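Asks: The primary structure of each chain is shown beneath.
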Amino acid sequence: MTDAGTLPVENLGQNRRGSSVDHRSRRTSRERKHSLAGWLFIAPFGAVFVIFLVAPLAYALYLSLFTKGLATGTTFSGFGNYVKAFTDPSFLKGIWFVIRFSLVLIPVQMAVSLAAALVLDNVTSRFARFSRLMIFLPYAVPAVIGALMWGFLYSPSFGPLQQLFSLIGQKAPFLLSPTNIFGGLMNVVTWQWAGYYVIIIFAALQGIDPTIYEAAKIDGASTRQVAFRIKVPMISSALILILVFALIGTLQFFTEPQVLGPIANGTITPYFTPNIYAFNLAFTYAQFNYASAISFALGIVVFIGVYIFLFLTRKRGSFLS
Amino acid sequence: MLVTLTSAVAIAATLAACSGSAGSSTTAGTSPKLTNCTNKMVNKDAPQVSVWAWYPNMAKVVDNFNNTHTDVQVCWTVAGQGAPEYAKFQTAVSAGKGAPDVIMLEADQLTGFEIQKALVDLSPFGANDVKKNFSDGAWKDVSQGKAVYAIPVDGGPMAMIYRSDVFTKFGITTPPTTWKEYEADAQKVKDAGGPLFGDLGSNVPAVITALMTQKGAVPFTYDLADPQKISIKLDDQATKDVLTYWAGLVKKGLVGTQDQFTTDYISGVVGGSYATYVSAAWAPGYLTGAGVGKGTEKGQFAVAPLPQWDPSNPVSVNWGGSTFAVTSQATDKKLAAEVAKGLYADDASLTDGWKTQTIFPLNQGVLKSDAFINNPVDFFKGQTANKDVYIPAENQYKGFNYSPFSVFYYAQLQAEVVKINAGQTTGDQAATDLQATMVTYAKSQGFTVK
Amino acid sequence: MTTVTAAPSRTHRTRPNVITHLFLGVLVVYFLVPIWFLIVASTKDAHGLFAGSAGALWFDKNFDLIGNLRDLFTFNDGIYLRWIGNSLLYALSGGVGATVLSVLAGYGFAKFRFRGRNLTFAILLGSVMVPLTALVIPTFIFLSQLGLTDTIWAVILPSLLSPFGVYLMRVYVAEAVPDELLDAARLDGAGELRTFFQVALPLMRPAVVTVLLLSIVGTWNNYFLPLAMLSNSNLYPITVGIGLWEGLASSNNGGGQSLWSLIIIGSLISIIPLIVAFLTLQKYWQNGLTLGSLK
Chain A
1 MTDAGTLPVE NLGQNRRGSS VDHRSRRTSR ERKHSLAGWL FIAPFGAVFV
51 IFLVAPLAYA LYLSLFTKGL ATGTTFSGFG NYVKAFTDPS FLKGIWFVIR
101 FSLVLIPVQM AVSLAAALVL DNVTSRFARF SRLMIFLPYA VPAVIGALMW
151 GFLYSPSFGP LQQLFSLIGQ KAPFLLSPTN IFGGLMNVVT WQWAGYYVII
201 IFAALQGIDP TIYEAAKIDG ASTRQVAFRI KVPMISSALI LILVFALIGT
251 LQFFTEPQVL GPIANGTITP YFTPNIYAFN LAFTYAQFNY ASAISFALGI
301 VVFIGVYIFL FLTRKRGSFL S
Chain B
1 MLVTLTSAVA IAATLAACSG SAGSSTTAGT SPKLTNCTNK MVNKDAPQVS
51 VWAWYPNMAK VVDNFNNTHT DVQVCWTVAG QGAPEYAKFQ TAVSAGKGAP
101 DVIMLEADQL TGFEIQKALV DLSPFGANDV KKNFSDGAWK DVSQGKAVYA
151 IPVDGGPMAM IYRSDVFTKF GITTPPTTWK EYEADAQKVK DAGGPLFGDL
201 GSNVPAVITA LMTQKGAVPF TYDLADPQKI SIKLDDQATK DVLTYWAGLV
251 KKGLVGTQDQ FTTDYISGVV GGSYATYVSA AWAPGYLTGA GVGKGTEKGQ
301 FAVAPLPQWD PSNPVSVNWG GSTFAVTSQA TDKKLAAEVA KGLYADDASL
351 TDGWKTQTIF PLNQGVLKSD AFINNPVDFF KGQTANKDVY IPAENQYKGF
401 NYSPFSVFYY AQLQAEVVKI NAGQTTGDQA ATDLQATMVT YAKSQGFTVK
Chain C
1 MTTVTAAPSR THRTRPNVIT HLFLGVLVVY FLVPIWFLIV ASTKDAHGLF
51 AGSAGALWFD KNFDLIGNLR DLFTFNDGIY LRWIGNSLLY ALSGGVGATV
101 LSVLAGYGFA KFRFRGRNLT FAILLGSVMV PLTALVIPTF IFLSQLGLTD
151 TIWAVILPSL LSPFGVYLMR VYVAEAVPDE LLDAARLDGA GELRTFFQVA
201 LPLMRPAVVT VLLLSIVGTW NNYFLPLAML SNSNLYPITV GIGLWEGLAS
251 SNNGGGQSLW SLIIIGSLIS IIPLIVAFLT LQKYWQNGLT LGSLK
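So the sequences go chain by chain: A, B and C.
Sequential numbering from 1 applies to the first sequence in our numbering.
Sequential numbering from 1 applies to the second sequence in our numbering.
Sequential numbering from 1 applies to the third sequence in our numbering.
Everything labelled a hint here was simulated from the structure, so no lab data went into it.
The structure displayed is predicted, hence computed values, not measured ones.
Think of the CB as a built atom: it goes at the ideal place given N, C-alpha and C, for glycine as much as any other residue.
Do not rely on the hints blindly, as some may be mistaken.
To be verified - In silico DSSO-like cross-links for lysine-lysine, where the CA-CA straight-line distance does not exceed 30 Å:
{"id": "1", "chain 1": "B", "residue 1": "443", "chain 2": "A", "residue 2": "68"}
{"id": "2", "chain 1": "B", "residue 1": "450", "chain 2": "A", "residue 2": "84"}
{"id": "3", "chain 1": "A", "residue 1": "68", "chain 2": "B", "residue 2": "333"}
{"id": "4", "chain 1": "A", "residue 1": "93", "chain 2": "B", "residue 2": "419"}
{"id": "5", "chain 1": "B", "residue 1": "233", "chain 2": "A", "residue 2": "84"}
{"id": "6", "chain 1": "A", "residue 1": "171", "chain 2": "B", "residue 2": "251"}
{"id": "7", "chain 1": "B", "residue 1": "298", "chain 2": "A", "residue 2": "171"}
{"id": "8", "chain 1": "A", "residue 1": "93", "chain 2": "B", "residue 2": "251"}
{"id": "9", "chain 1": "A", "residue 1": "171", "chain 2": "B", "residue 2": "252"}
{"id": "10", "chain 1": "A", "residue 1": "171", "chain 2": "C", "residue 2": "61"}
{"id": "11", "chain 1": "A", "residue 1": "84", "chain 2": "B", "residue 2": "117"}
{"id": "12", "chain 1": "A", "residue 1": "171", "chain 2": "B", "residue 2": "419"}
{"id": "13", "chain 1": "C", "residue 1": "61", "chain 2": "B", "residue 2": "294"}
{"id": "14", "chain 1": "B", "residue 1": "233", "chain 2": "A", "residue 2": "93"}
What the hints assert, rightly or not - Okay, the calculated beta carbon distance ranges per label pair:
{"id": "15", "chain 1": "A", "residue 1": "47", "chain 2": "B", "residue 2": "131", "range": "50 to 58 Å"}
{"id": "16", "chain 1": "C", "residue 1": "65", "chain 2": "B", "residue 2": "271", "range": "20 to 28 Å"}
{"id": "17", "chain 1": "C", "residue 1": "61", "chain 2": "A", "residue 2": "170", "range": "24 to 32 Å"}
Turn these sequences into a full structure, and let the hints guide you.
Replies: This is the structure we're talking about:
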């Protein structure tokens with residue numbers, strides 16, 4: 001229903017051709033009030049953001065421009081730390097690992113989560129509601145505790161894996177050995193985070209206007225067609241958002257290998273991922289300046305990765321504008 | 001929903017009450033009245049000293065101290081155990097704020113913090129008054145020449161725990177006294193289809209370093225008085241011999257490669273999968289706490305002195321043990337030094353410590369007491385382990401010269417042992433590689449490597 | 001005029017079939033097995049944990065759930081309850097606070113055009129690309145200057161920051177709140193705040209509940225932030241507390257008492273509040289008002 005009362009504000013100026021000064025200033029003052037309101041909504045978050053993210057980040061960046069030797073003092077070295085970082089085999093090995101890990105983990109995770117969310121959106125049985133809780137549950141388990149559990153479950157001495165394999169007279173593979181660590185970690189991370197993604201996708205699906213489904217049904221669309229031709233495209237900006245943050249998070253992989261390290265029999269080295277490397281440099285080797293540089297170097301890699309990803313998906317919808 | 005949330009927050013806040021909304025409030029000149037204490041104050045008017053420590057019986061120790069001191073009170077909290085506490089301390093050191101007055105540190109951490117000027121030399125505060133309470137080796141570990149940076153509390157003289165049932169079953173009548181015998185016995189057990197004789201855990205680099213020194217290696221020579229020079233010798237023959245020896249044991253399948261301090265390792269100990277456990281004096285307490293000795297394996301453990309390379313020239317080595325150091329951020333250093341000297345130094349605390357198998361005290365008063373000497377250790381089925389093994393080992397211990405980058409060194413050694421355990425390198429090569437890595441690192445940190 | 005229907009009929013839902021239920025069943029088993037392990041292990045004592053009779057996934061002959069619970073709540077003068085209380089405090093205040101800030105900011109980004117909007121939005125994304133590891137020491141320095149380290153504020157204040165929450169809200173708001181509705185309200189004379197509270201917010205409810213749930217869980221599970229900021233064990237959240245016990249159990253003894261059974265049952269109990277939160281909040285997902293027609 002359109003009547004003058006519901007016309008968007010911007011159109012008002014176009015329909016009147018009278019005193020242009022009047023509606024330009026009216027529009028500008030409205031626009032200014034509009035802008036101001038926008039800033040005001042953002043202000044509370046913005047304040048915390050500047051204080052607790054931008055300011056510390058700036059200081060960390062400042063620190064990364066200095067070098068500190070244990071025996072000598074602190075000297076200004078400009079980008080020396082960054083040159084060192086990008087030629088540091090420990091850092092580069094870590095980067096290589098997280099890139100490979102991201103390329104495998106994220107599609108798997110997303111596929112599982114998307115499938116689960118689509119199914120849950122479709123089915124309203126009591127079992128489905130129970131499943132929703134069960135899928136969420138691992139996310140509710142803190143990584144520290146999750147690692148503890150997986151430590152027991154992966155244990156070659158008394159884990160169930162060993163029990164299962166002993167039934168067929170074999171020794172169970174140690175899922176945290178250097179050969180198996182990739183899969184071992186993938187399992188833990190998928191288990192831990194699937195619920196998180198399911199919740200987000202599910203909520204996005206809930207926001208779709210159900211009348212669209214009615215129209216589709218009238219057109220004779222099957223459930224699968226509805227799912228893939230209607231639902232997924234409609235939540236594409238949410239999906240892209242999730243994928244970007246999943247990419248950022250996985251390239252910054254830290255918690256799971258860090259907490260599983262003590263039981264992995266030496267597989268998790270101090271530079272297993274770049275973030276772990278930065279952590280150890282800062283807190284165990286007392287080299288905070290270089291640790292800062294490593295963190296920012298990782299940030300640069302993440303930026304490149306995200307930029308490439310957003311470029312590749314620019315047609316599918318963007319959450320950035 | 002808002003009402004529910006508000007009431008939930010209120011409940012939570014009440015539950016977490018008394019958590020201290022402010023940290024220490026310092027007025028110039030006076031000691032702060034701290035509100036973050038896990039313990040209760042006895043003398044509320046006395047100045048307070050903050051302490052970070054994780055001894056399991058620390059609550060009692062602190063109460064003992066506070067009850068007997070009117071001039072100072074201890075405010076204690078557990079800031080973490082081991083590495084997390086060191087990380088927190090490192091953060092506070094880097095930030096210049098947030099460190100406690102007194103901190104519990106293992107001996108191998110001291111030099112790394114000394115070089116950052118994070119610890120206070122205690123000799124002007126009467127540290128040498130308590131020097132006579134400790135063996136030479138124990139005192140050397142906390143000293144840098146004439147300066148004393150911490151007061152020892154407990155130590156870990158090393159010995160060999162073994163399964164008496166396994167030894168009996170496979171015909172080993174006396175425990176091996178030399179490493180040659182150790183290998184021979186291991187082979188004997190293996191040939192008869194028995195379990196692994198021991199374990200080379202990659203995550204216990206302190207043990208491997210101790211074993212290296214036992215053959216005469218001196219990995220680091222560092223003097224804080226000349227802070228920019230360090231001598232690193234990790235590729236000498238002694239180190240190579242020790243690493244080659246253990247690599248050989250691994251290769252021949254005589255010892256395991258499981259990381260220690262894991263539940264997997266403990267279950268192996270419980271189940272008799274390892275005939276021996278090369279360990280320190282605090283091991284019985286640790287194993288008991290980990291659940292060992294409650295089932296069929298109860299009473300099957302005994303301890304013997306650590307095997308030697310040269311029986312005519314026995315060398316004792318140490319693993320672990322902790323100290324109290326005063327941090328440079330302490331508000332009243334004299335008072336903090338008093339606490340460092342007096343905390344966990346009284347009879348009541350020390351007795352509780354060793355009776356509950358929490359620590360192996362280094363205090364000579366305890367080590368010379370009849371009760372301690374003749375204590376029949378339950379874990380060893382009544383064997384007087386202190387008299388036979390641990391006290392002699394402690395008295396013979398000569399101390400160790402730690403580098404300022406122990407943690408980094410341990411990580412490199414760990415990586416090498418991982419390779420040894422995987423069969424990817426030899427003992428000789430590991431030593432050479434380790435030397436190269438450490439020299440490069442030291443140079444990059446600005447040290448002159450002699 | 002707009003028509004609003006409550007609780008959409010979801011006529012697109014089909015009758016549940018075998019395949020979907022099988023798929024859900026497989027997922028449930030996958031997610032449940034470690035939790036089941038936790039439940040079973042909570043009934044065992046230390047010896048049963050490591051040398052139990054029936055293996056990891058079934059009960060030991062020594063069933064001691066009550067004893068373990070008793071030990072858990074009395075150990076160290078009941079520090080566990082205090083830790084749970086701390087977690088509740090941090091999670092609720094941090095989670096609610098982060099949600100409020102994210103909802104406001106997301107709404108602002110989505111529904112207002114102002115100069116610098118896209119740039120600010122991009123900076124927000126860029127800032128999360130540097131790992132938080134780099135921020136710990138600068139944040140610690142800043143908070144210690146204010147005397148706030150080792151207090152509850154050291155955990156709560158940084159937890160208010162949820163860039164992902166802002167992005168999520170923005171995406172949801174852009175999809176679920178039509179501009180026309182807002183303009184109608186404005187032209188009816190409503191101020192921005194009233195428009196927000198009375199028109200937009202009800203439409204955003206599933207999204208708000210989602211961000212709330214994720215923020216609460218995220219803050220509850222936070223480990224490294226409180227670990228770095230707190231040294232007083234009375235202030236620890238449950239994650240740091242259990243991590244502390246784990247460290248003590250692994251390389252020390254608990255003064256003769258094995259901490260492993262406490263750790264296991266402590267872990268189990270700590271999940272319960274989040275389950276409660278999830279069950280409470282999930283009903284808000286489906287009660288969101290949706291627009292019937294705006295034609």
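Asks: All hints are to be evaluated individually against the structure, with a verdict given for each.
Replies: Quick rundown of the hints versus the structure:
1. Annotation: proposed proximity of residue 443 of chain B to residue 68 of chain A holds, straight-line Cα distance about 12 Å (limit 30 Å).
2. For the hint pairing residue 450 of chain B with residue 84 of chain A, the CA-to-CA distance comes to about 25 Å; that is within 30 Å, so the pair holds.
3. Pair hint residue 68 of chain A plus residue 333 of chain B holds up; C-alpha atoms about 28 Å apart against a cutoff of 30 Å.
4. Distance hint between residue 93 of chain A and residue 419 of chain B is fulfilled; the C-alpha atoms sit about 17 Å from each other, no more than 30 Å.
5. Of the supplied pair hints, the one linking residue 233 of chain B and residue 84 of chain A holds, its CA atoms being roughly 27 Å apart against a limit of 30 Å.
6. The hinted pair formed by residue 171 of chain A and residue 251 of chain B meets the criterion: a straight-line CA distance of about 20 Å does not exceed 30 Å.
7. Proximity of residue 298 of chain B to residue 171 of chain A is assessed by CA-CA distance (about 28 Å); at most 30 Å being required, the pair is judged to hold.
8. For the proposed pair residue 93 of chain A and residue 251 of chain B, the alpha carbon gap of about 29 Å is at most 30 Å, so the pair holds.
9. Pair hint residue 171 of chain A plus residue 252 of chain B holds up; C-alpha atoms about 20 Å apart against a cutoff of 30 Å.
10. Only pairs whose Cα atoms come within 30 Å are accepted, and residue 171 of chain A paired with residue 61 of chain C is accepted, the gap being roughly 26 Å.
11. Between the alpha carbons of residue 84 of chain A and residue 117 of chain B the distance comes to roughly 27 Å, so the proposed pair stays at or under 30 Å and holds.
12. With a C-alpha separation of about 22 Å, the suggested pairing of residue 171 of chain A with residue 419 of chain B holds against the 30 Å cut-off.
13. Distance check on the hinted pair: residue 61 of chain C and residue 294 of chain B sit about 15 Å apart at the alpha-carbon level, within 30 Å; holds.
14. Our distance criterion of 30 Å between C-alpha atoms is met by residue 233 of chain B and residue 93 of chain A, whose separation comes to about 29 Å.
15. For the pair residue 47 of chain A and residue 131 of chain B, the beta carbons lie near 56 Å from each other, so the given range of 50 to 58 Å is met.
16. Hint check: residue 65 of chain C to residue 271 of chain B, Cβ distance near 26 Å, so the stated range 20 to 28 Å holds.
17. Range check, residue 61 of chain C to residue 170 of chain A: Cβ separation about 28 Å, and the 24 to 32 Å hint holds.
Comparing the model with each earlier hint shows no violations; every hint is respected.
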